[in-house]
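Novice: Residue strings, one per chain:
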Amino acid sequence: MVPSAREIPRNGSSDGGAVDLFALLIEQVVDYAIFVLDRDGRIASWNPGAQRIKGYASSEIIGQPYAIFFTEEDRAARKPDTILSHVRQHGRFQEEGWRVRQDGTRFWASVVVTALRDRRGELQGFAKITRDLTERRQAEETARLAAAEQAARRQAELDERQMRRSRDQLDLILRSINEGVTVQTQDRKLIFANDAAALLCGFRSAEELLAAPAGQLFARLEIFREDGTPFPVDELPGRLAMRGKPSSAVLRFRVKPTGEERWSFVSGAPVLDASGNVDLAVSVFREFTERRRGEQAWQFLAQASAVLAGSLDYEQTLKQVAELAVPRFADWSAVDVAAADGALVQLAVAHVDPSKQQMAKEWRWPPGPDAAVHQVIRTGQPRLLPDITDAMLEASVTEPEDRAVALRLGPRSAMMVPLTVGAKTIGALSFVTAESGRRYSQQDLILANEIARRASLAIENARAYREAHEAVRTRDNFLAIASHELRTPLSGLSVLISSLARAAASGRLSKLTPEALNERFVKAERQVTQISRLVDRLLDVSRLSTRDLSLERERTDLAEIVRDVISRYEDAAAESGSRIELIASGPVFGWWDRSRLDQVATNLIGNAVKYGGAAPITVSISSGSSGHVRLTVRDGGPGIPLEHQGRIFEQYERATDCENLPGMGLGLWLVRRIVTAHGGTASVDSRPGHGATFSVVLPNGERAAKAPETFTPVAGEGVSST
Amino acid sequence: MTGNVGGIPEHILVVEDDKDLRDTLCQALELEGYTAVAAENGQAALRHLAAGARPCLILLDLMMPVMDGWTFREELLKNPELADIPVVVMTAASAARAAAAAAQAILYKPLHMGKVVDVVQEHCPNGAA
Chain A
118 MVPSAREIPR NGSSDGGAVD LFALLIEQVV DYAIFVLDRD GRIASWNPGA QRIKGYASSE
178 IIGQPYAIFF TEEDRAARKP DTILSHVRQH GRFQEEGWRV RQDGTRFWAS VVVTALRDRR
238 GELQGFAKIT RDLTERRQAE ETARLAAAEQ AARRQAELDE RQMRRSRDQL DLILRSINEG
298 VTVQTQDRKL IFANDAAALL CGFRSAEELL AAPAGQLFAR LEIFREDGTP FPVDELPGRL
358 AMRGKPSSAV LRFRVKPTGE ERWSFVSGAP VLDASGNVDL AVSVFREFTE RRRGEQAWQF
418 LAQASAVLAG SLDYEQTLKQ VAELAVPRFA DWSAVDVAAA DGALVQLAVA HVDPSKQQMA
478 KEWRWPPGPD AAVHQVIRTG QPRLLPDITD AMLEASVTEP EDRAVALRLG PRSAMMVPLT
538 VGAKTIGALS FVTAESGRRY SQQDLILANE IARRASLAIE NARAYREAHE AVRTRDNFLA
598 IASHELRTPL SGLSVLISSL ARAAASGRLS KLTPEALNER FVKAERQVTQ ISRLVDRLLD
658 VSRLSTRDLS LERERTDLAE IVRDVISRYE DAAAESGSRI ELIASGPVFG WWDRSRLDQV
718 ATNLIGNAVK YGGAAPITVS ISSGSSGHVR LTVRDGGPGI PLEHQGRIFE QYERATDCEN
778 LPGMGLGLWL VRRIVTAHGG TASVDSRPGH GATFSVVLPN GERAAKAPET FTPVAGEGVS
838 ST
Chain B
4 MTGNVGGIPE HILVVEDDKD LRDTLCQALE LEGYTAVAAE NGQAALRHLA AGARPCLILL
64 DLMMPVMDGW TFREELLKNP ELADIPVVVM TAASAARAAA AAAQAILYKP LHMGKVVDVV
124 QEHCPNGAA
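Those sequence lines, one after another, are chains A and B. Position one of the first sequence corresponds to residue 118 (our numbering), numbered consecutively onward. Position one of the second sequence corresponds to residue 4 (our numbering), numbered consecutively onward.
What the hints contain is simulated information worked out from the structure, not anything from laboratory work. Be a bit skeptical, because a hint or two may be false.
Said to hold, decoys possible - Derived DEER-like restraints, expressed as beta-carbon distance ranges:
(1) A:Glu479 <-> B:Ser97: 44 to 50 angstroms
(2) A:Glu687 <-> B:Ala86: 35 to 41 angstroms
(3) A:Ser659 <-> B:Ala99: 24 to 30 angstroms
(4) A:Gln498 <-> B:Ala99: 37 to 43 angstroms
(5) B:Ala105 <-> A:Ser712: 55 to 61 angstroms
(6) B:Ala99 <-> A:Leu626: 55 to 61 angstroms
Claimed, not checked - Just so you have them, the derived chain B footprint on chain A, three or more residues with Cβ under 8 angstroms:
(7) 637 to 644
(8) 725 to 735
Since the model is a prediction, treat every value here as computed from it, not as a measurement. Glycine included, C-beta positions come from ideal geometry on N, C-alpha and C.
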């Protein structure tokens, strides 16, 4: 029988002092529960340590099965029996595990169970030593938790640093990409925007956009669909994203203050929070303004080409080209051509803003003869002004008023390309950007040059056509008039001959006296002469229509020529009851082509006799102080209607507008040709009902005669002979 | 409708601005036995008629200075006393333009005396001597 700890005497026993000491040890150890189980696992002894750790008093626990200390789960798993079986077999069992105190609380225990055998090896019971490790375990747990917490904190810091880095990287990426990106909160607050997005909205930087008051963005932007209709703000992809709907759209943004336009493909996507609600709306803007402009430029080229190829009226065509260029290729566009005197004539100007059209008219930069367009026409080389700044405008324009106009027009970029026909630059096309903020590049210049090339071709074609058409019309007119004019003298001849033939056939010829018969033959001869002269004249005119008039200058007395012509017309004048008076002080000499001046006088005096009626005709010749000579022929006829005066010197003018009058309409045309070839002028002054005065002013031609080598034959007055 | 009003015998009025043709035509008509009176334009012709002359036929050129053939014809048609005088146009103008003169016949230039006489005979049966 194993004695209970209680039964161990305090002050020694028959076993001597050692036994007592051992009993004392057991009795006084409070940190360990040391007790004995009988062979069946019932508690047989108890010590103060056991009571302290497990809560039971000795009286309460002696005899109880030791399974009482196990947790319910362990008991259900028959762990108490298993342990004892193990000890019976192996002599010892050790573990750390949960045990239960009397009050039901658990504690972490270190347990050693040892088999107690007698000398014969018979199992007498079990010694069980239990130590409460709860505190240690708690300390360990605390330490472990602390370590874990620290690790977690370190991880969190690491994570945050990582995240911050990622965010910075993302930020950097978003800032540097070409796509515009904006992020808005559910309450429409803009929390992120990159520069690309800011530029698209007409701000200079993301910072400026983010700092702008909420309402300002849409106050300064107009948004359109591709077809040009306004795009409702509420349907913008960003707004739809706020309502949870991802979407995309092609949009055209117009910045109201500057008129700048940008095209963008916009997509919006919602960012949801953990519970599935929209947290943020992300908008991405992929700008394709340049591509769009490229497309539009080529559309412009295609349309302009069609227009250029389709019409032979090149002035109208160039106007159309200028109009087509706006707004697709330019904000304003102009066509200038060089007139004969080198001055520029603006054929057309088109401006995207109708209110600036008038201002843009004839506006050239820089002001004065160095204007880019002048240079282009002078050199035949295109000009590209990619960047025009206000500073440049201000520096080049001195007049405050002009400066204000320049700044209002606000050109930003410009191209001028030459229109070249044959080897000659005849004008230039100008393309200017302002409102759109667009900058022209070499690429654009290539396209502009192509337009100019096609326009030049069209001009060449039109000119060739016009000339060919003109030539055909001239020939037709000439033939019509020639045949018409020949018919009257031919009629005379024909009537005369057929009349004589009829008389001969009917025996009536004898009625005519020899004198009468002779008179008829003289007349017939005169008519043949007249017809032949007419044919010569027609040929002369025909030649002059297509060729320059070359003069055979000699010292000539104009008064003598005029007197001669008057003598030829005196009879005809007398027949109409008129007379011709000459006012000339004496000979009037000059270096002229005698036979051509005879034609001039013949035409003017002949017309006066023909149309002047019975009123007297006054011819006067006078010398001016500046080496000029004036010949005037005044008749008292019905005069020339005002509307015809401007065109009376045109070729075939009689045949078109004054059809009811005889004559070829060539006489006055010839007068002007001859006078112009001499470097002079021909004009008419007439009040209907009060006759007409034709004036010819001729330089005396001395310079032309003295310096023939250095004087251009067709040159008029004002051309220096250096 | 022809007569000797105003003391001028039955005659043909030739209105033509080209002097040679005018004279030639008058002489040729006289050689045929007619009396011809010449006028160098529409205005001169009107003056002749205003003096009371009533020709059996007017041979009318169209393109003339002072008063052309069309205007003369209009003036003639405006006046009931003169409107019935037969008018034959002599022209090198187109048929359309000649037709505008509303004449009894059109003679195209160059003229041939045989055709002129055919027309004259139709309107002046008593003229030929």
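Novice: Any of the earlier hints contradicted here, and which numbers?
Specialist: When the structure is compared with the hints, numbers 4, 5 and 6 turn out to be violated.
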